[in-house]
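Heads up: the sequence lines are chains A and B, in that order.
Number 66 in my numbering belongs to position 66 of the first sequence; there are no gaps in the numbering.
Number 113 in my numbering belongs to position 113 of the second sequence; there are no gaps in the numbering.
Treat the hints with care, since some could be wrong.
What the hints assert, rightly or not - Label-pair distances were calculated between CB atoms; the ranges are: (1) A:Ser422 to B:Asp57: 20 to 28 Å; (2) B:Asn53 to A:Glu208: 51 to 59 Å; (3) A:Lys369 to B:Ile156: 25 to 33 Å; (4) B:Ile156 to A:Ser422: 39 to 47 Å; (5) A:Lys240 to B:Asn67: 51 to 59 Å; (6) B:Glu52 to A:Asp309: 31 to 39 Å; (7) A:Ser102 to B:Ser150: 57 to 65 Å.
Unchecked claim - Simulated coverage check for chain B against chain A, where a stretch passes if three residues somewhere in it have a Cβ under 8 Å from a Cβ of chain A: (8) 135-147; (9) 174-182.
It is worth saying that the hints were derived from the structure and are not from the lab.
Since we're looking at a predicted model, the values are computed, not measured.
Note that the Cβ used here is the ideal one computed from N, Cα and C, for glycine as well.
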Amino acid sequence: MGKTLFEKIWESHIVVEKPNNPSLIYIDRHLVHEVTSPQAFEGLRMNNRKVRRPDLTIATMDHNVSTTDRSLPILDQTSSVQIKTLEKNCKYFGIKLFDIDSPNQGIVHVIGPQLGITLPGSTIVCGDSHTSTHGAFGALALGIGTSDVEHVLASQTMWLEKPKSFEIRVEGKRKNPHAVTAKDIVLSIIKNIGTGGGTGTVIEYRGEGITDLSMEQRMTICNMSIEAGARAGLIAPDEKTFDYLRDREYTPKNYESLVDSWKGNLKTDSDAKFEKEFTLHIDDIAPQVSWGTNPGMTCNVTDSIPSPDEFSNGDLNQKRGAEKALEYMALEPGTLIENIKIDRVFIGSCTNARLEDLIEASKVIKGQKISSHVQAMVVPGSQMVKKQAEEMGLDKIFIDANFEWREAGCSMCLGMNPDILSPGERCASTSNRNFEGRQGTGGRTHLVSPVMAAAAAIHGHFVDVRELDLD
Amino acid sequence: MDSFKKITSIVTPLDKVNVDTDQIVPKQFLKLVQKSGFGKFLFFNWRYDEQENKKSDFVLNNPKYENSQILVAGDNFGCGSSREHAVWALLDYGFVVIIAPSFADIFFSNCFKNGVLPIILDQKIVEKLLQETGMIEVDLKNQIIKTSSSKMSFEIDSYQKKILLEGLDDIAITFEYENKILDFEKQSKIPSVL
Chain A
1 MGKTLFEKIW
11 ESHIVVEKPN
21 NPSLIYIDRH
31 LVHEVTSPQA
41 FEGLRMNNRK
51 VRRPDLTIAT
61 MDHNVSTTDR
71 SLPILDQTSS
81 VQIKTLEKNC
91 KYFGIKLFDI
101 DSPNQGIVHV
111 IGPQLGITLP
121 GSTIVCGDSH
131 TSTHGAFGAL
141 ALGIGTSDVE
151 HVLASQTMWL
161 EKPKSFEIRV
171 EGKRKNPHAV
181 TAKDIVLSII
191 KNIGTGGGTG
201 TVIEYRGEGI
211 TDLSMEQRMT
221 ICNMSIEAGA
231 RAGLIAPDEK
241 TFDYLRDREY
251 TPKNYESLVD
261 SWKGNLKTDS
271 DAKFEKEFTL
281 HIDDIAPQVS
291 WGTNPGMTCN
301 VTDSIPSPDE
311 FSNGDLNQKR
321 GAEKALEYMA
331 LEPGTLIENI
341 KIDRVFIGSC
351 TNARLEDLIE
361 ASKVIKGQKI
371 SSHVQAMVVP
381 GSQMVKKQAE
391 EMGLDKIFID
401 ANFEWREAGC
411 SMCLGMNPDI
421 LSPGERCAST
431 SNRNFEGRQG
441 TGGRTHLVSP
451 VMAAAAAIHG
461 HFVDVRELDL
471 D
Chain B
1 MDSFKKITSI
11 VTPLDKVNVD
21 TDQIVPKQFL
31 KLVQKSGFGK
41 FLFFNWRYDE
51 QENKKSDFVL
61 NNPKYENSQI
71 LVAGDNFGCG
81 SSREHAVWAL
91 LDYGFVVIIA
101 PSFADIFFSN
111 CFKNGVLPII
121 LDQKIVEKLL
131 QETGMIEVDL
141 KNQIIKTSSS
151 KMSFEIDSYQ
161 KKILLEGLDD
171 IAITFEYENK
181 ILDFEKQSKI
191 PSVL
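All chains, full assembly: derive it from the sequences and hints.
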């Protein structure tokens with residue numbers, strides 16, 4: 001029987017395999033950031049261990065960093081300590097760090113691909129659940145906890161139970177690909193399979209709806225695999241993948257011979273079997289807006305807020321979850337999504353802060369002003385994205401519309417830095433999690449695509465972007 | 001890591017599904033650079049109001065559960081962020097056993113690295129345990145849970161069981177395979193980053 005892409009990558013990275021036990025898997029790339037690494041480095045030091053392969057390890061700071069003037073000191077002392085701790089640890093253990101002043105600084109999942117560090121067929125880990133982003137390149141990319149960060153630093157391997165293979169087919173063609181985006185596809189998937197639908201699996205996204213997407217859009221899809229509970233998300237590499245990684249700053253010197261070895265091999269065999277399957281048809285899907293406190297609580301922009309009964313399909317626990325969510329979100333069943341007024345707009349995060357996201361959002365905004373009761377910001381995913389956007393004049397379009405134009409970082413995706421919602425504020429956000437308090441204690445998050453967020457900023461409430469002229 | 005002993009305790013019922021790690025330990029408390037002291041931040045936004053007064057309707061604030069070492073919760077416990085701080089907070093607070101019908105993968109794996117035992121049980125059994133008011137006993141060695149009125153077994157991966165029972169350092173275990181790692185590196189085609 002044939003093998004899935006995941007099984008091929010898995011098998012080519014087994015160091016030790018024993019029946020009914022986890023396997024020891026080799027890790028080709030380890031990405032490190034300031035929040036989940038200090039205790040791991042401390043563990044190494046306490047046990048007199050070193051970093052086995054500093055040459056396969058890259059670090060940057062993204063979660064805590066300020067997105068305003070970088071020449072000013074960080075006011076939050078604990079953030080400052082965490083950032084300095086990463087600097088000290090990288091120096092001590094000999095790890096390459098893209099620090100706050102580096103032109104390559106940015107959200108770790110944005111810079112990996114942008115610098116050619118992410119490679120097809122490789123295994124990548126990072127102490128961050130959105131590591132799944134790199135799967136867009138046909139890499140097996142896993143988010144891990146701090147103990148595993150320490151384990152990989154020490155041994156360049158980790159013990160892992162083999163996940164199951166999950167095929168998600170995305171079939172059909174979107175009628176308006178500028179209005180219905182990769183974000184809407186992945187939110188539709190999570191809405192259907194649920195936040196635990198991918199638990200214990202590695203998802204491979206396949207079908208015309210996926211191969212049609214650009215690399216940056218594919219990253220948006222794989223990024224949110226974790227929101228369906230999956231260990232990782234994968235897309236088989238093709239010419240778009242190989243072109244994207246060519247001639248980047250850290251693209252390997254023998255890249256073309258690597259491409260030759262990947263072609264034809266890094267794909268699922270036609271007779272391979274998946275252990276789980278789901279198909280989404282996208283011909284008629286609408287822009288998506290989340291209404292609750294997990295990414296599965298999502299509906300079409302043209303819908304109204306569902307009643308907990310309607311949402312839960314008879315499951316009492318889900319019903320109570322939906323009631324709690326509506327209470328937290330201060331929403332009533334039956335309210336039209338388009339009638340929900342918003343206070344804040346955040347365009348950013350490892351899900352949707354790449355150049356294409358900013359280009360698409362800028363088309364909605366060009367020549368207009370944001371609604372007078374809305375505060376809006378754009379936080380590019382990396383300093384390189386910021387520079388490229390500025391070269392195209394996108395910063396001017398956003399600033400003219402009264403958006404704030406910021407420095408790169410995780411920013412308001414998770415509120416570990418000064419960018420947070422105040423209690424009760426309602427935000428249209430291009431990030432990945434609408435959990436209670438995620439963007440600030442008491443803050444209310446609606447997950448949307450960059451074009452939906454931009455249109456909400458202009459109108460002050462959600463609008464169906466299919467009705468705008470976006471071409 | 002300490003070796004895992006038999007636990008006898010009342011259960012703390014947290015009757016919620018999809019409890020995410022942002023709720024277990026909110027983001028503002030992730031800035032510490034050590035593993036200790038996270039217990040006071042556990043479920044912070046559910047335990048305290050905006051003035052940091054205890055909310056009387058949250059289960060952890062009920063004095064009855066003060067010394068409980070076993071948390072019982074709904075489906076998909078620990079979903080979301082990979083932050084191991086969630087496990088450090090649960091452990092520091094006093095929980096060493098978490099029982100739920102299902103767990104998120106990364107959280108599940110993080111538990112074993114810190115001497116916390118996550119147990120998956122059938123939805124119906126979990127619902128009964130949520131109502132259990134007496135002492136229960138969790139015996140990892142024999143994979144048995146005893147309540148005042150019943151006895152049930154649970155599944156656990158044999159490797160993870162050994163790690164917990166013996167309090168093993170899995171990095172030290174891995175170092176025993178140094179030759180295999182070296183062999184792998186010799187044939188690997190993925191080049192260095194730098």
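Results of checking the hints against the structure:
1. Separated by about 24 Å at the C-beta atoms, A:Ser422 and B:Asp57 satisfy the suggested range of 20 to 28 Å.
2. For B:Asn53 paired with A:Glu208, a C-beta distance near 56 Å keeps the hint of 51 to 59 Å intact.
3. Taking 25 to 33 Å as the suggested C-beta distance range, the pair A:Lys369 and B:Ile156 does not conform, at roughly 59 Å.
4. Between B:Ile156 and A:Ser422 the beta carbon distance is about 45 Å. The supplied range of 39 to 47 Å therefore holds.
5. For the pair A:Lys240 and B:Asn67, the beta carbons lie near 58 Å from each other, so the given range of 51 to 59 Å is met.
6. Taken as a hint, the range 31 to 39 Å holds for the pair B:Glu52 and A:Asp309, whose Cβ atoms sit roughly 36 Å apart.
7. Checked against the given bound of 57 to 65 Å, the beta carbons of A:Ser102 and B:Ser150, roughly 60 Å apart, stay inside it.
8. As drawn, the segment 135-147 of chain B meets chain A at 0 residues by the rule of a beta-carbon pair under 8 Å; below three, the given contact is violated.
9. Three residues within the 8 Å Cβ limit are the bar, and the segment 174-182 of chain B against chain A gives 5, so the coverage statement holds.
Going down the numbered hints, you'll see the structure goes against 3 and 8, while the others check out.
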